[in-house]
Amino acid sequence: MTDTVTVDPLATGPDIGAVRREGGAIKDGTGYRVFRVVNALALTLICLVTLYPFLNLVAKSFSSEGFIAAGEVNLIPRGFNTATFSAVMGDPLFWTNYRNTLLYTVVGTVIAMAITTTYAYAISRPRLKGRTFFVGLAVFTMFFSGGLIPNYILVANFLGWRNSMWAIVVPGALSVFNLLVMKSFFENFPVELEEAASIDGMSTYGVFARIVLPLSKAVLATMTLFYAVGLWNSWFSAFLYLDDKELFPVTVYLRNLIAAATGTESVTGGAGGDAVQIGANIQSVTMLLTVLPIICFYPFIQRYFVSGLMLGSVKG
Amino acid sequence: MSATEPEAATRGGAPAASGVAPAVAVEPTRRRTRAFGRRGRGGRGEGGARLTWRKALRRDWQLYTFLVVPLLFLLVFRYLPMLGNVIAFRRFRPGGSIFGEEWVGLYYFEAFITNQQFWTVFWNTVILGGLTLLICFPLPIVLALMLNELRSRRYKKLVQTISYLPHFMSIVIVAGLVLQLTAVNGTVNQVVEAFGGDAVAFMQRPDWFRTVYITSEVWQTVGWGTILYLASLTTIDSQLYEAARIDGANRWKQTWHITLPGIRPTMMVLLILNIGSFMAVGFEKVLLLQNPLIYSTADVISTYLYRVGIQSAQFSYGTAIGLFEALIGLVLVLGANGISRRVTGASLW
Chain A
1 MTDTVTVDPL ATGPDIGAVR REGGAIKDGT GYRVFRVVNA LALTLICLVT LYPFLNLVAK
61 SFSSEGFIAA GEVNLIPRGF NTATFSAVMG DPLFWTNYRN TLLYTVVGTV IAMAITTTYA
121 YAISRPRLKG RTFFVGLAVF TMFFSGGLIP NYILVANFLG WRNSMWAIVV PGALSVFNLL
181 VMKSFFENFP VELEEAASID GMSTYGVFAR IVLPLSKAVL ATMTLFYAVG LWNSWFSAFL
241 YLDDKELFPV TVYLRNLIAA ATGTESVTGG AGGDAVQIGA NIQSVTMLLT VLPIICFYPF
301 IQRYFVSGLM LGSVKG
Chain B
1 MSATEPEAAT RGGAPAASGV APAVAVEPTR RRTRAFGRRG RGGRGEGGAR LTWRKALRRD
61 WQLYTFLVVP LLFLLVFRYL PMLGNVIAFR RFRPGGSIFG EEWVGLYYFE AFITNQQFWT
121 VFWNTVILGG LTLLICFPLP IVLALMLNEL RSRRYKKLVQ TISYLPHFMS IVIVAGLVLQ
181 LTAVNGTVNQ VVEAFGGDAV AFMQRPDWFR TVYITSEVWQ TVGWGTILYL ASLTTIDSQL
241 YEAARIDGAN RWKQTWHITL PGIRPTMMVL LILNIGSFMA VGFEKVLLLQ NPLIYSTADV
301 ISTYLYRVGI QSAQFSYGTA IGLFEALIGL VLVLGANGIS RRVTGASLW
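As they're listed, the protein sequences go chains A and B.
Under our numbering, think of the first position of the first sequence as 1, with each following residue one higher.
Under our numbering, think of the first position of the second sequence as 1, with each following residue one higher.
If we strip away everything but chain A, and leave its shape as in the complex, we get (with noise of 0.2 Å):
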């Protein structure tokens, strides 16, 4: 009976993965166990020094003028206060560009979003004759574009978009990667679900609306955050296109303030006047307050953008 005892491995599937991660038939080295504690200790090294800069900013932002200017504060705050969160807070300006952020963010995606979601639907469909025409149209411009000045000539001189909200949300409204990530979406999703709906009378416009859009959450979340993620993130274009203070996204708010800071430092010589070190307590602060809403979503939208990445990469 000895042929029922002797089990296939072929048959039966070995976890190959278990007996890697056991060391297998033979023994690990004792130069590959060194490397391995090795490894781990470099990555933990890394993860600090990734996150240092992090830390440095809050130690920063709750300390006091006089240490920072010393050079003595690292990963804990001295002279502990919270003055400086009160100052950045009772400017109006911070405020008034925080909420231009908020709104250039919801304005740009959804605009973005339209077109993105129509563009992919379209050119997802087989039946669209002209089809490769119209994706390609699309990623040509990923090889190509027209430089910064003629954009500039365009938005400016051209639309007229010097200081409108306009300058900012539409211009960049369309990622071709957004858009191909969406479109390899889009083609995985089953005709004969479509077929049926029109032929019950549906309408182009009734499948997209009621089946299509209702079944893509997924992608839809998560395209919404690529671009959402971008527009709060930008800074370039609300710099290029506004003059007027009261328009400005913060992060336009957040350069202008280093660059009024590191400005000083360079006149001075690096001696550093107080007019820095009130810089680089304010400095840190305003970065503080910048970046806390991505840091509060990051852990819960990090998954979303690395499956969308990686959908991108493998279907696009």
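In short, the hints are calculated from the structure, not lab data.
Among these hints, one or two may not hold up.
[Claimed, not checked] For lysine-lysine, the following DSBU-like pairs were computed, each having C-alpha atoms within a straight-line distance of at most 30 Å:
(1) Lys253(B) - Lys156(B)
(2) Lys157(B) - Lys217(A)
(3) Lys253(B) - Lys157(B)
(4) Lys217(A) - Lys55(B)
Given the structure of chain A, go ahead and fit chain B onto it with the hints provided.
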């Protein structure tokens, strides 16, 4: 290429640091066959008969209405500026046509080619781009391999979560952090002084700019850069490792002979993309970090273009430089793609 275009760089969909997103295949060959298999399906009716445009429009007019706004958008915000590049060859007057007033031939190209300052920023760009490529391209591979050796799943997840974090920060924040850490009283100088050195005003010394820039680039991009490698590591057949073990290969040999060849297609695709964005070295970050004291190393083509083109309003001159930069980018990506296809079989399309 597209980093000279403000929107593409700031919000190119977030996942890629550069404007050119890796929207291309990790498994290029597979993608090619798929695309090939699909060719010719579009534009055929149910019977497989060739559809005329008139019939297609009548049957699918609702579907075509989906395209109206996106195509209008592409036309105005992507293709119009592309045509706007023509002002590199035409004199532009503020308030005049966006396509310029009269032909001037290669006047503006000659202007920058004979300009000594242009060549300074050109070589700065090449050096900074080259260093970025040399250092920021291989490090994600190393980090991915290190993560792959971790046995604790939870610890691996933790390291990943932490190392992805800088990718989500605005460039303004990154620049702010860099300026604070490298300040005379910043952490870097505290360390220098702890080892008995003298504090260095890093951001006022041209010889330090490249080091500071590359370091911040490593901090910001390496963690996120591991994602595609980690994904392709999981696709390697684990039986290969088992076979190698039986043949007596140690871990190092397994890595060298199985893991690295296994992720080679991913490496090639990302290398091509990196080479394509070579000339567009982090425009926004350089712009935020530089100051006149360190222009001799910190000024690159895109920031020079911004200063002369936008701030000094020399639109045609700036456009000529931008076009030159974009063409180099295009040639680099096509060249790298061609070489890669011939040598390794991996390519973008």
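Hints the structure fails to honour:
Hint 4 alone not satisfied by this model.
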